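Given the coordinates of chain A, assemble chains B and C onto it according to the supplied hints.
Chain by chain, the residues run as shown.
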Amino acid sequence: MYGLRRHKSMFLLPGLLTLLLIIIFPLLFTIRVSFSGWNVSSPQMDFIAGANYAAMLHDSRFWSAIMRLILLAGGTVLIQYVVGFGMALLVWRDVRGRRFWRVLFLVPMMTTPVVMAAIWQMIFHESLGPLNDLLGMLGLTKVAWLTESGPALVALMTVEVWQWTPFMFLLLLAGLLSLPKEPFMAAAIDGADVWRTFWKVTFPLMAPVSVAAVIIRLIEASKLSDSVYVLTSGGPGSSTETPGYYLYIQGLRDQQTGYSGAMSLTYLVLMIVTLTVVAAMLTRALKLKGHS
Amino acid sequence: MTLSATDLSLTVDGVDHLKSVTATFEPGRLHTVIGRTMAGKTTLLRALAGLQEVDSGSLTRDGADLMRTPVWRRDTAMVYQQFINYPHLSVFGNVAFPLRRQGLSRDEIQRRVSKSLALVGLTGFERRKPSQLSGGQQQRVAVARALARGTGILLLDEPLANLDYKLREQLRDEFKTLFSDQGDTIVVYTTTEPAEAMMLGDVVLVMHEGRILQVGPPQEVFERPATTTVASIINDPPMNIFPGRIEGGQVTVAGFQATHVSAHLAQLPDGAYQFGLRATDVSLASAGVEGAVTFVEISGSETFVHAAVGKTPFVIQIEGIHDVALGDLVKLRLRPERLYAFDEKGSLVRTPSYDLVSVGGR
Amino acid sequence: MRPRLYPVFKYTVIALWACFVAGPFFWAMTTSFKDANAVQGGATYLPWIQYQPTATGWRNIFGGAGGIDVIQPFLNSAIVTIAASAISLVLGSLAAYALSRYRFKIGFIKNSDIVFFFVSQRIMPPVVLVIPFFYLLQWAGLLDTIAGLVIVTVALLLPIAVWVMVDFFNGIPREIDEMAMLDGCGPLQTFVRAILPNSLPGLTVAAMFCAVFGWNDFFFAFRLTFTEVQTLPQAVVALNSSIPPWWTLSAAALFGVAPLVLLAIWVERYLSKGNLSGAVR
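Chains A, B and C, in that order, give the protein sequences.
Counting from 204, one number per residue, gives the positions in the first sequence under the working numbering.
Counting from 2, one number per residue, gives the positions in the second sequence under the working numbering.
Counting from 137, one number per residue, gives the positions in the third sequence under the working numbering.
Just so you know, these hints were derived from the structure itself, not from any lab.
Just so you know, not all the hints are guaranteed correct.
Said to hold, decoys possible - Quick list of in silico lysine to aspartate or glutamate cross-link-like pairs, EDC-like style, CA-CA up to 20 angstroms: (1) B:116 - B:127; (2) A:211 - B:182; (3) C:146 - A:297; (4) C:241 - B:14; (5) B:332 - B:298; (6) A:211 - C:205; (7) B:130 - C:311.
A quick note: this is a predicted structure, and the numbers were derived from the prediction, not measured.
So here's chain A without its partners, still in its complex pose (with noise of 0.2 angstroms):
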């Protein structure tokens, strides 16, 4: 359009340059930190090569704690999803008290990690928390929930379900709302019972807001490291460690900061081809071409 050359840019910098002034320092400063032999007792930038990045391959405690993010992001999420939509499904219609349950079922999403998982830490906890208390009523034994490696791993795939399938459940049942009545109808008319009519007509529908919503998920789940740093510190051992708090350990308690950017480069590169590559394999798989 005529004379708008000029302005595009007044609307689309600001913003831009902002973002990039504020990102590309620490991006430069970790690229050439993980270069560096900057440590605790020597904090500065010298050249060590890929000397980091050599003791990073050996380094079996950041890569374990790679694979149990991969599981714990993909195991939760899929929980998430299905828990998610499972929900919106039942709150979707003619339900009883409709309001009252959309308004509980988002609340976890709204309230802060670090504090809930304080809170599930009292629960979790071996003699005065609830839950062996109520496991105790139904005749089971306890558990050492945040001491023991396999327990420790449940209760943190716990506090994650509740904290975010909300969010799975608000975008899945923003798009149920947002879907046409016509499919559903015509379903109808054809007799499709409710199994059926799901799978045929709701899922499909549903299948853009869905690999969104998966992916969004996703991506927030690789951070996975605040809860862990409040629920059990990594513990027992390291069997609850992230990368992302590995990466604290690392670089803030320790203050290996050379070390530590090395392992957050690769750690950032790992995960933005796994998730290019699962997002690709989702829309492929739903057939989703020319949808964002």
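Frame of chain A; chains B and C shown alone:
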């Protein structure tokens, strides 16, 4: 205050949206641009408004270059096919929006909005939101907003296309008086409907595939379509076009055994021609050439029979409802005195000399 | 499933999930009224019947002996959240408008790539940012200040604002922009007078997400502010790391999440009106 477009061209992805469009738009006149969908009508309007950049060509107003003038200083109003209004503003707010931008006084705005709304018959609707109005009313708001400003150029892009038939006729009649009162405004109005173009236009521009094929007063364009394409665009149903020959003053139409003699074609040199005949000038008869019915439309007062003679399709418009079924064999009779003759490339050679009776009330 | 059993199944599932969702809140609520004796006696749930309620926990969070004062952290959190959200919304919707309406082409970079650049910042793990930020803010003298935290939080929220608003603006017909320009508005006027007033649903959704993620951020605040500026999540977690006075922790936690629980009520209202559907995709 003449608006002149010279040699406007625009190609997008290999498709010509505008191809060397040259046209002059005069103040105080209503120009209707007629063409089929995708003919480039909307692109032309958008180029005139400055909303669409073109690849080449120029646009001047009284000789002054307009190309560098941004949209917001063009003194142009536009009405869209899709009833576009500001959703967040009331009817009053919508019509007042451009006036407020001009910095008019409250009283002046009040006066102009009232006058404008009265013109389109929406007095009393000031406080409604566009979403609370019917499609026809929404389009009236858009027209009222365009009129209230009193701009030098008023563009209307198929403003009636999305309305139902009855409303379309009603608004078309209102537009007739509305636009004739617009003083020195240049009005450009696009449509796909021949009746609309003929009835409203002081000047008709026929567009096809990005080109302007013919410009002239409605009667002239209707009586003397420059090409077969124009002839089919400005007639509804489209004019029947079919190949034939003239030999020694005798007309032979492909597929018809009989020859026709028609005084106005008799002097034409021998050779191959294309002939044009309006649907009203073909009739069903007890004797004549046989055609197979491919499609029948009944509009209520008229029946449109589509029939194929050999490979040549014909549309026959007959009064009243007729019991013709798909696949029936019907006998066609042409009125030779109404034949248009075009050369093989489609340019007009000879028109029939007959009185125009039924064209848009003229 | 048999039609008659379906309602039973439906309400059972809803009730079970509701218990799971509400459980932690119920536990925090009941614990906040306990004292040391009540906590150490094992898990109890019902005040008066199982334990004698006291208001010690609640008194402690408002400056009571051995507790903290949550008012200042609350204000800090509120200021940071509101300021960062406001900046992100303004910059984000301007950028989103540009990306929705104009075509950019800088070399091989197109609009979708710029949108991706904004959104991709969400993938950045906070740890990657926090160490450099530490030195950056230290150099700028903004360590342990509200201003420093606001700047960092903008990096967190701006991508969200752009993501929501690009989608929303794409849903507004371009003809509205064109009409406004024909009506005499320059580009900025077009945005302010014709587009923004029609973008309230989108802006509200974006504001909601910004508020949630801004208010709930812990990591940046934890590493970049210390004594002068403490946000609410920081204050609560600080309580947790000392020997847990469960009653104080519970009261502080409930106080900290309360504002956003109110937000949930309001989001639902919005959802029911159908305004969210266009904005969340």
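Against the structure, the hints come out as follows:
no.: 1; hint: B:116 - B:127; verdict: 12 angstroms, holds
no.: 2; hint: A:211 - B:182; verdict: 40 angstroms, violated
no.: 3; hint: C:146 - A:297; verdict: 11 angstroms, holds
no.: 4; hint: C:241 - B:14; verdict: 18 angstroms, holds
no.: 5; hint: B:332 - B:298; verdict: 18 angstroms, holds
no.: 6; hint: A:211 - C:205; verdict: 48 angstroms, violated
no.: 7; hint: B:130 - C:311; verdict: 18 angstroms, holds
In the structure shown, a violation is registered for the earlier hints numbered 2 and 6, in ascending order.
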